[in-house]
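Chains as they are written, first to last, in full-length UniProt numbering: chain A, 1 to 408; chain B, 1 to 408; chain C, 1 to 359; chain D, 1 to 359.
Read the hints as simulated data drawn from the structure, not as lab findings.
Glycine included, each C-beta is placed from N, C-alpha and C at the ideal position.
Any given hint could be a false lead.
What the hints assert, rightly or not - Partial pick of chain D residues on the chain B-facing surface, computed with a CB cut under 8 Å: (1) Y84; (2) A128; (3) D142; (4) A212; (5) V224; (6) G226; (7) S229.
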Amino acid sequence: MGDANGAGSNGSGNGKFLNPTPMLDELESGPWPSFVTGLKDLAERTKKPMLRGVMDQLEYSYQTRMGYWKGGLVTVKGYGAGIITRYSMIRDKLPEASEFHTMRIQAPPGLHYNTESLRELCDIWEKHGTGLITLHGQTGDIMLQGIEADKVQECFDELNQKGWDLGGAGAGMRTGVSCAGPARCEQACYDTLEMHEKVMKHFVGAVHRPEWNYKFKLKFSGCPNDCTNAIMRSDIAVIGMWRDSIQMDESAVKEWVDENGMEKLVNEVVSLCPTRAISLKEGGIAIDNGNCVHCMHCLNVMPKALSPGKERGVALLMGAKSTLKVGFNVGSMVVPFMKMETEEDIEEFIDLADEIIDWWDDNGLDHERLGETIERVSMKQFLDGVGLEPSIDMVSRPRDNPYFKTKY
Amino acid sequence: MGDANGAGSNGSGNGKFLNPTPMLDELESGPWPSFVTGLKDLAERTKKPMLRGVMDQLEYSYQTRMGYWKGGLVTVKGYGAGIITRYSMIRDKLPEASEFHTMRIQAPPGLHYNTESLRELCDIWEKHGTGLITLHGQTGDIMLQGIEADKVQECFDELNQKGWDLGGAGAGMRTGVSCAGPARCEQACYDTLEMHEKVMKHFVGAVHRPEWNYKFKLKFSGCPNDCTNAIMRSDIAVIGMWRDSIQMDESAVKEWVDENGMEKLVNEVVSLCPTRAISLKEGGIAIDNGNCVHCMHCLNVMPKALSPGKERGVALLMGAKSTLKVGFNVGSMVVPFMKMETEEDIEEFIDLADEIIDWWDDNGLDHERLGETIERVSMKQFLDGVGLEPSIDMVSRPRDNPYFKTKY
Amino acid sequence: MSSPERNWKTVESGPYPYKKGLHPVMQKNYGKWKYHEYPQPGVLKHVAESGDVIYTVRAGTPRQDSVDFIRSLCDVADKHADGYLRFTTRNNVEFMTPDAEKVQPMIDDLESKGIPVGGTGKTVSPIAHTQGWLHCDIPATDASGVVKALMDELIEDFRGMNLPNKVKIVTQCCELNCGGQGDIAIIVKHTRPPRINHESLSEICELPKVVARCPVAAIRPTVVDGKKSLVIDEEKCMYCGACFGACPSMEINHPEYSRFAIWVAGKNSNARSKPTLMSLVAHGLPNNPPRWPEVSAVVKQILEAYREGGRPWERLGEWVNRIGWKQFFEETGLTFDEDMIDNYRHARTTFNQSAHVRF
Amino acid sequence: MSSPERNWKTVESGPYPYKKGLHPVMQKNYGKWKYHEYPQPGVLKHVAESGDVIYTVRAGTPRQDSVDFIRSLCDVADKHADGYLRFTTRNNVEFMTPDAEKVQPMIDDLESKGIPVGGTGKTVSPIAHTQGWLHCDIPATDASGVVKALMDELIEDFRGMNLPNKVKIVTQCCELNCGGQGDIAIIVKHTRPPRINHESLSEICELPKVVARCPVAAIRPTVVDGKKSLVIDEEKCMYCGACFGACPSMEINHPEYSRFAIWVAGKNSNARSKPTLMSLVAHGLPNNPPRWPEVSAVVKQILEAYREGGRPWERLGEWVNRIGWKQFFEETGLTFDEDMIDNYRHARTTFNQSAHVRF
Ligand code: SRM
Ligand code: SRM
Ligand code: SRM
Ligand code: SRM
Ligand code: SF4
Ligand code: SF4
Ligand code: SF4
Ligand code: SF4
Ligand code: SF4
Ligand code: SF4
Ligand code: SF4
Ligand code: SF4
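Generate the whole structure from the sequences, applying the supplied hints.
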């Protein structure tokens with residue numbers, strides 16, 4: 001059960017407000033910032049009973065190795081989603097946190113903040129809720145954690161007036177995520193932030209009022225490095241792509257070689273290209289761009305010398321999801337290239353996404369994600385259904401069984 | 001429909017015995033030896049009506065683009081398999097080949113013949129059947145094609161007295177195949193011929209009297225080059241393997257390099273090793289044997305310099321089959337190494353094979369091959385069932401889904 | 001819940017406007033960045049085509065933050081970064097400044113507040129994790145706690161840049177895997193079938209939905225004490241807990257029998273190799289709060305073997321791919337067992353369908 | 001069929017004894033071979049540890065041989081090879097002699113008989129094939145004919161050794177694929193559902209067996225004219241013909257609608273890469289006896305592209321793997337279409353689950 005002595009060493013946990021939490025206190029030691037210390041300090045300062053209750057319940061979970069929350073339904077006017085409702089299963093025992101709801105708030109694309117907005121958010125939240133915030137949830141929401149049902153509407157109203165809106169939950173569009181993108185990254189092949197904002201504004205109704213078969217996620221990564229994990233975690237992954245040749249600054253290549261040596265060039269660049277598209281040439285390198293698969297590796301190692309081409313846009317990969325039922329699904333290449341420079345390009349994406357979601361909503365089963373529907377119904381029917389052309393880019397190899405039907 | 005003029009140019013087809021076969025005659029031209037010419041000459045010489053009938057029917061098939069054989073049941077005393085029975089569906093029209101059965105005969109392991117045996121076989125076959133022989137069927141049988149039902153027993157009796165026996169068909173053990181093996185190949189890691197002979201003698205009853213769920217095939221390749229295609233086409237593929245280090249004759253390596261040059265050494269040996277286990281060393285090569293996956297490539301390119309190690313035996317891969325139902329199944333590694341030097345080693349293999357077949361026959365569904373049963377029931381249960389230890393060699397990677405059940 | 005009379009309209013605005021959050025130098029050079037460098041661990045230097053430079057200082061957070069903590073981050077931003085800050089997709093916070101001089105004072109300020117600087121380049125960046133006992137309704141553990149305990153031990157790999165490549169770790173409190181794939185993943189694995197609470201089942205759950213949720217069709221309708229209920233075919237059930245996600249009466253969580261499995265070689269990026277799913281390499285580890293030492297030990301074993309054997313730029317899975325899984329188990333000291341052989345859909349595609357084998 | 005009184009016993013001897021078929025030099029050096037060389041196309045030279053040498057001359061056969069043809073092979077063996085010969089797993093015949101002097105006369109003798117010598121090393125060895133109209137009960141074509149017509153065109157690739165590596169071609173007369181996987185495969189593909197012969201069905205077939213044979217459960221029992229029969233759900237049926245193998249009343253073969261598909265990149269050996277299954281690259285080719293020119297044309301397109309682009313030792317599939325499938329289609333002039341995207345079991349594992357793409 002551990003000795004609480006080592007804990008509290010950060011100076012917290014000595015207040016009078018909280019009940020003892022010996023097991024949690026064990027998580028106060030060590031160099032990594034402790035969420036326990038944060039919670040305790042917050043509780044001691046604000047004296048919010050809900051915080052004391054939630055600490056007690058968490059301590060009880062640590063002791064019994066079981067969770068004690070159950071779901072429910074809370075929402076705000078006109079919305080059907082955005083609040084994750086939690087009631088305690090042990091409220092008889094620990095009544096102070098009998099409710100502990102979370103408000104999911106859509107963060108700014110790229111998670112770029114200024115301190116003014118953020119302080120505003122903190123103030124409103126401290127006023128109505130516990131003051132505990134997750135930055136950010138795995139889907140990219142700001143999660144305001146710990147509020148009572150009857151305070152949700154007023155909290156939301158106040159937030160909304162400051163420009164904040166609720167994120168997704170349930171069987172609808174979910175909150176989007178985008179990488180830092182063109183704001184600070186040289187690899188960005190399209191404007192992840194702008195696209196994220198525009199697209200999610202289009203789907204805002206579907207975020208707030210879920211009515212599809214199941215959830216649907218979009219993530220926006222500026223290049224195939226995929227810093228938002230889009231390919232593994234979104235029904236449509238929007239990934240930056242270029243179609244022409246990698247831009248090479250020959251003198252910067254030379255500089256790199258001077259600095260790092262030929263051995264490193266061979267071992268860490270040439271040899272690691274997955275398709276061996278890079279060869280040595282005149283003390284520098286030559287890239288066979290027709291054979292480049294846009295993996296990003298050489299650009300990552302030599303960012304000063306190599307950059308994505310000039311004809312830039314996005315690739316769309318579809319069907320990623322987590323383990324449920326079929327096991328993890330990785331997103332599959334469906335649209336290898338699409339321009340993404342103008343408003344119209346974004347509109348075109350939105351049209352396609354609408355088409356895809358309609359198809360999925362019509363053809364999918366209950367609680368079936370896009371990737372599952374595509375696999376069950378077949379890629380061919382999916383492409384037919386949404387009006388896309390089949391292409392060799394969609395497969396790692398053509399089929400190996402004769403089980404297809406074509407008439408001639 | 002083609003002009004028969006070009007045909008018959010080999011001098012055949014001018015006899016009086018046969019009816020005109022204009023389409024087939026088109027297959028007499030060209031440099032590759034023609035089975036049509038062979039058939040025609042045979043028919044003209046022997047004047048066997050069955051041969052005329054079968055040519056007529058084949059010509060009719062070429063004209064109508066349809067086949068006209070149907071199955072039936074013919075066998076020899078005490079046997080349940082080995083004859084592939086064919087009755088004509090158009091016997092009214094073309095009565096001379098109303099029957100056209102095939103006798104499958106087990107060839108010698110490695111397909112090594114002397115002319116005396118082969119001539120004997122030809123003579124007996126010409127006496128009772130058409131004189132048409134397939135050397136060999138895809139499963140390795142000698143196929144004596146074209147005999148009437150009432151001649152089968154006497155033909156078999158005569159063959160059997162000369163040491164020939166029927167091969168497999170139906171839901172039992174099938175005829176085995178083995179590569180040239182130690183008789184003429186330096187790569188052979190075990191005695192394919194001896195093992196083939198011993199093992200098939202053990203299973204001879206199962207070959208002749210099929211009574212399992214479905215067919216079961218064994219093939220014996222002396223090394224991972226797999227010249228019998230065992231890995232794709234046998235329920236248990238027996239493939240030669242070594243466990244210690246590749247034997248290297250350093251002076252032969254030098255010789256090779258002198259003759260072929262360093263460039264070829266790098267491009268055709270070093271660079272093509274799948275695990276990059278080969279590096280250049282002092283003008284020759286060094287092999288990291290712990291990282292060698294026994295692919296055979298370097299040994300194939302430099303057979304004089306490199307040979308399989310001294311500790312030799314077999315690997316067993318299980319579950320290969322053709323397309324039916326599940327699509328092609330490639331054999332999977334189940335036993336990475338097993339000594340195969342003595343009678344006892346062969347006995348041990350036979351015991352294991354018996355065990356496996358029993359398990360499959362108990363757990364398999366009707367018309368389900370071993371590979372399908374393993375996949376349906378799970379590798380784990382298969383291993384438990386036949387008493388084998390799981391090993392990392394069996395998989396290309398550990399599972400990626402959490403759907404397993406273990407209790408602690 | 002009744003709210004007072006409203007004299008405003010809800011604006012369904014969607015994402016908070018990002019433009020407000022861009023440092024002026026980033027606004028100016030938007031889409032015109034040329035390259036980046038790593039001047040020191042925890043610091044990025046991005047150079048624009050214009051010649052402008054922006055430095056980023058990256059620091060760790062507990063993810064479950066208090067407003068006080070966030071306000072103190074704002075203080076840092078106001079003081080050293082012109083009032084701007086951002087968060088990464090991996091719960092780090094980043095402060096941007098065009099001024100090289102401000103970097104070190106900023107780092108000192110952060111560290112003095114107990115906020116560690118690091119996580120750039122070839123490091124262990126903070127562990128992506130999920131809700132756990134603090135909030136979720138189905139967790140078997142507390143992801144935040146597991147992560148805090150482990151980060152305490154890995155902090156030098158967060159601060160340094162001495163690994164072959166980035167190591168992305170994830171931790172999740174049930175098999176739904178809200179944290180996705182990682183180079184190393186720590187995930188709850190149940191080891192007993194759910195215990196059905198027949199009392200509550202028909203009252204609080206839609207029976208057909210629960211039946212439909214089971215991946216292996218192990219749940220059948222039945223009647224218990226005259227009430228409609230469900231029964232589990234324990235032969236089929238593989239303890240995934242999916243039914244529990246649909247219905248709290250399918251009690252899968254258990255203090256002893258809900259355990260941990262460790263997975264490796266997940267990769268999301270397309271760099272060099274295609275993205276890969278992670279593979280199971282250890283399981284049956286106890287769920288041992290408050291510091292889960294058994295879990296940390298295994299993760300560290302794996303990390304050390306990778307540090308030792310990986311070549312520059314090789315992600316963990318790429319390293320394994322090169323040396324082979326057999327050697328992975330040897331070098332980490334972990335043990336391969338029969339449960340690691342896939343027996344689910346597509347199982348066959350993970351078999352070694354070749355004679356390729358290492359001895 | 002009644003046979004006369006027997007005064008002997010059947011000996012269930014299994015395989016014919018191989019020892020009788022071994023050339024004395026092979027018997028002497030059994031298991032003691034050291035290496036091989038290719039002195040010229042069609043000839044192998046194996047050298048034993050003892051220093052003994054055996055030369056092998058390899059020659060093509062039609063596979064469906066007459067006893068006359070076989071006897072003439074025996075003549076060659078008697079004259080030049082001490083009375084021994086063997087066949088390869090690919091229907092070639094081989095004659096072995098320790099005497100270098102005998103090689104050329106033997107070759108001349110064979111060629112003069114119209115028996116081509118070749119097939120060793122980096123060649124197109126004869127096409128493995130199946131029964132066809134000559135004997136099988138379910139074929140949609142005549143494999144022997146397709147093969148003869150094609151080998152006429154490929155004979156120089158049989159004789160020469162000017163390909164990047166061995167090219168193994170297979171041809172099969174229905175989708176059961178008795179000929180297995182190959183670098184290039186020519187396989188019947190039906191394009192309409194079976195027509196059911198309700199007359200004969202219940203008389204000659206076991207209905208449940210037929211139902212069970214269908215991979216997609218497209219067959220259901222029904223009653224037609226008072227007789228038990230079957231009906232096919234034509235939406236589900238994908239024309240595989242498996243039911244026809246179980247029951248001749250499920251008439252799948254059709255002169256017009258049974259066509260050909262071409263597959264590439266199958267590989268059985270473990271050399272370098274693991275064995276691979278072949279992939280569909282063309283279909284809808286007509287079944288056009290007696291010489292099937294459309295089939296030969298496609299095979300030659302593929303072969304030429306491979307000859308052009310393949311590097312030494314690269315098997316056809318390894319070449320494709322290096323250049324990518326997109327380039328394969330470009331270089332062969334074939335067209336990728338939607339049917340080539342897998343939609344069967346495990347389909348997902350063939351999708352491009354990455355952003356890797358070539359333009
Ligand atoms: C800030 C952030 C994006 C954001 O919008 O928040 C980011 C930023 C950068 N990433 Fe990333 N990546 C970020 C999450 C990711 C993720 C997702 C994740 O961590 O969950 C991935 C995919 C992970 C995976 O494969 O599982 C990711 C895969 C990469 C890669 C590919 C690495 C590889 O070799 O596989 C690069 C290339 C590189 O390292 O040079 C990259 C490169 C970069 C660069 C160098 C891009 C640039 O030129 O600015 C940035 C600095 C990286 C660094 O810290 O070394 N970034 N990057 C994220 C920081 C996370 C953190 O706090 O640790
Ligand atoms: C809060 C969060 C974890 C976190 O701490 O960050 C979370 C929490 C839950 N997830 Fe998740 N998921 C969260 C991101 C994800 C992700 C990651 C992502 O979006 O990138 C995934 C994997 C990707 C995917 O979508 O598949 C994910 C896959 C799931 C699944 C499995 C879906 C599947 O198809 O396999 C479920 C189960 C379900 O939907 O029935 C699920 C269900 C849940 C539920 C609603 C559990 C339940 O059914 O009651 C959890 C509510 C917890 C709570 O109390 O707040 N959560 N969940 C993440 C959302 C925060 C946010 O909005 O920012
Ligand atoms: C005679 C035969 C075995 C037999 O018992 O009959 C045989 C004999 C040899 N094979 Fe083979 N292979 C024979 C069928 C096969 C097959 C099966 C087939 O053809 O259906 C394969 C697998 C094919 C596949 O992968 O689809 C096969 C894959 C190999 C390989 C691997 C080639 C590769 O790089 O993938 C080698 C290695 C090599 O070529 O050096 C090889 C090597 C050899 C060697 C060099 C072995 C030796 O040292 O004696 C022999 C001479 C090969 C040559 O002709 O170049 N043998 N070899 C078969 C001749 C077939 C024919 O008439 O063409
Ligand atoms: C004769 C032969 C083709 C040839 O011309 O060489 C052949 C001919 C037939 N095969 Fe085969 N198979 C022959 C080798 C193969 C092989 C290759 C092998 O053994 O290496 C395969 C692929 C490997 C495998 O076993 O899967 C093969 C896979 C099949 C299948 C599909 C099995 C599957 O599980 O997918 C069937 C269908 C069935 O068994 O119901 C089949 C069925 C048949 C039947 C019995 C068709 C039928 O159901 O009526 C054919 C009888 C033809 C006839 O008139 O003689 N044949 N069959 C081969 C046997 C000759 C011999 O004994 O030497
Ligand atoms: S995904 Fe690409 S563009 Fe976006 S931050 Fe990562 S490296 Fe930069
Ligand atoms: S981006 Fe990747 S595939 Fe393209 S050249 Fe660079 S390393 Fe090779
Ligand atoms: S399988 Fe190996 S041992 Fe047998 S003939 Fe081929 S190369 Fe020689
Ligand atoms: S046998 Fe294959 S894996 Fe082993 S060293 Fe030679 S080329 Fe490499
Ligand atoms: S991983 Fe499971 S327990 Fe944890 S937050 Fe997600 S759904 Fe809840
Ligand atoms: S735990 Fe999983 S397998 Fe077991 S009954 Fe529930 S859903 Fe089905
Ligand atoms: S491939 Fe089909 S048609 Fe040809 S022999 Fe085999 S079973 Fe008969
Ligand atoms: S052809 Fe194939 S899919 Fe169609 S009914 Fe027959 S077995 Fe089923």
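Tell me, in ascending order, the numbers of any earlier hints that this structure violates.
5, 6 and 7
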